[in-house]
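Same order as they appear, the protein sequences are chains A and B. The C-terminal residue of the first sequence carries number 483 in the numbering used here, and the numbering is unbroken. The C-terminal residue of the second sequence carries number 595 in the numbering used here, and the numbering is unbroken.
Below, in silico cross-link-like pairs of lysine-lysine (DSS-like), each with a Cα-Cα straight-line distance of 27 Å or less: (1) A:97 to B:523; (2) A:97 to A:192; (3) A:261 to B:523; (4) B:523 to A:320.
For the chain B half of the interface with chain A, some residues (derived, Cβ under 7 Å), not all of them: (5) 527; (6) 528; (7) 530.
These are calculated hints, taken from the structure and not from any lab test. Yeah, the Cβ is synthetic: ideal placement off N, Cα and C, and Gly gets one too.
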Amino acid sequence: MAFIPPIRSGSTPLAVFDRWRRRWLAGVQNPQLRRSAFVLMAFAAGLLPLLAGAAHAALPKAVNDGADTLLMLMGSALVLLMTPGLAFFYGGFTRAKNVLNTMMMSFFLMGLIGVLWIVIGYSLAFDTGFNSPFIGGLGAMWLHGVGGEFGDAPLADGFNLSATSFALFQGMFAIITPALISGAIVERVSFKAWFWFCLLWSLLIYSPMAKMVWGGGFLGPFGSIGAIDFAGGTVVHIASGVAALVAAAIIGDRSTWPDSKRPPHNVPFILLGAGLLWFGWFGFNGASMFAAKTAGLPFLTTTTSASAGLLSWCLIEWFKDGKPTAVGAATGAVAGLVGITPAAGFVYLPQAVLIGTLTAAACFIAVQVKAAIKFDDSLDTFMVHGVGGTIGALLTGILASKTLVAADYFPLSAKIMEEGGNVGLFLAQLKAVLFSYGFVGLGTALILWFLQLFMPLRVKPTEEERGLDYVAHGEEAYDPMTN
Amino acid sequence: MKMITALVRPSKVDAVKSALVSLDIVGMTVAEVRGFGRQKGQVERYRGNEFTVDFLSKSKIIVVVDDSKVEAAISAISEAARTGEIGDGKIFITPVETAVRIRTGERGESAL
Chain A
1 MAFIPPIRSG STPLAVFDRW RRRWLAGVQN PQLRRSAFVL MAFAAGLLPL
51 LAGAAHAALP KAVNDGADTL LMLMGSALVL LMTPGLAFFY GGFTRAKNVL
101 NTMMMSFFLM GLIGVLWIVI GYSLAFDTGF NSPFIGGLGA MWLHGVGGEF
151 GDAPLADGFN LSATSFALFQ GMFAIITPAL ISGAIVERVS FKAWFWFCLL
201 WSLLIYSPMA KMVWGGGFLG PFGSIGAIDF AGGTVVHIAS GVAALVAAAI
251 IGDRSTWPDS KRPPHNVPFI LLGAGLLWFG WFGFNGASMF AAKTAGLPFL
301 TTTTSASAGL LSWCLIEWFK DGKPTAVGAA TGAVAGLVGI TPAAGFVYLP
351 QAVLIGTLTA AACFIAVQVK AAIKFDDSLD TFMVHGVGGT IGALLTGILA
401 SKTLVAADYF PLSAKIMEEG GNVGLFLAQL KAVLFSYGFV GLGTALILWF
451 LQLFMPLRVK PTEEERGLDY VAHGEEAYDP MTN
Chain B
484 MKMITALVRP SKVDAVKSAL VSLDIVGMTV AEVRGFGRQK GQVERYRGNE
534 FTVDFLSKSK IIVVVDDSKV EAAISAISEA ARTGEIGDGK IFITPVETAV
584 RIRTGERGES AL
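The following block holds chain A by itself, in its conformation from the complex (with noise of 0.2 Å):
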């Protein structure tokens, strides 16, 4: 529910009114008259920012509340092992002779997105430099300003916690994103590419993203759209995953796939990391609510709809094979979370076991359809993330509750629901989920295009056979020979 009220810059209320002071008594020339003229105005002046205030009377002025920085930065830690967790819970999946390479393409991003974030990411995405409800600006680069001189200065009106703690827990988002979409092409791609695809990637697509979801920019509750994401379906959900289709379409097929495919090397990596990841969107989706006092809904929604997700994959899997797998728990879970994640603050628990439930069953019907169409999403990124975001986003249209749509922090969603009920809602959530598809599908497109055009996307077919841990960092996970 990130959202910063622009603040415009190099326009301080005093030079507002000397502006206004010039303009008016320009053609008064009677210095009495002058005198009266400009005390008058002064005195309005003076009312207008309490004018100004009832507009946003329920927004309290900042200041920064220790327990919601707090918040923010247990919650970036919590995401930041997120990361870790992913890289285990993709690294079990694969191959033994792939297992560092597949682990390496989300831990590496720690260190890449990590840096980038600060240096001119989070600028992109939050500052407001270039007026445009598309891109932040560049005045924010380096954290410049951030937080003020001691990093404890609030976000915003309205908003307790420090500005700091704010920018790295978006940070923390910013490194799973392009790290969730390796799920799709593990196996095979160059990690040379696999650099530089995310380093644009996060600039040209994630950045924007977050500026037009949460940064007051084009789809969100300030911009033209009105749709609401609570903590990330369609900026890292739908985003990781539509990429992840389009990479996974233009890399290509594993060359040794379908015909002779492999089990996953090690289900209790799986396990590990999607217990990992549980733990972690606790901060993911329950810090989104940016206020400790009213994080709990958003935490139990959020855990109860992981459990919904995993015990119905399980259902399903026991009534159609006969056999619950640790595999479907694990994934199930994660659909939960992907699902509830565009929600988790604007619903109650029956909607949470809801959509849980719904986006486990989809998820597991995109997973069987991959498998009959053969597509190479090696680790089904967009049937989790891509078609688990989609229904948690549209689910959150049809299910949230008007009561926690406020309309101080979502002005166009609250008014929409107003006019429109759920399914004004949901069409808003429907055309911010199109919008999406299209943008990032593009923009993925334009960017593995490009790269094509100066490096080799996949590795070569021997290397492949060989494995990446040997090939791409000169390793190996498992030698049985070194004693």
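Start from chain A and add chain B according to the hints.
Leaving out everything else, chain B in the frame of chain A:
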């Protein structure tokens, strides 16, 4: 001297070892191997997709014994490793020219 190569279920390794030790056969080598015979592979499911795993885990026990103990060893291994179900494994017997104990340089049966 004969080399006995027994391919058995991994869960039966301990029972086979005890049976051989009770015949005073000390020293054996065990390897984890994969293979299939009449049992063929097994079908596994991940995310609802079926994978046929052709090669199943087995344990290969290698032990070299004095000619006089071969028959007793065969029956001990068979009894210990048998479940009666398909997939219990196989035993192969091959002649061994000689044996050398590396530490002392002893040769022949005294090296066993």
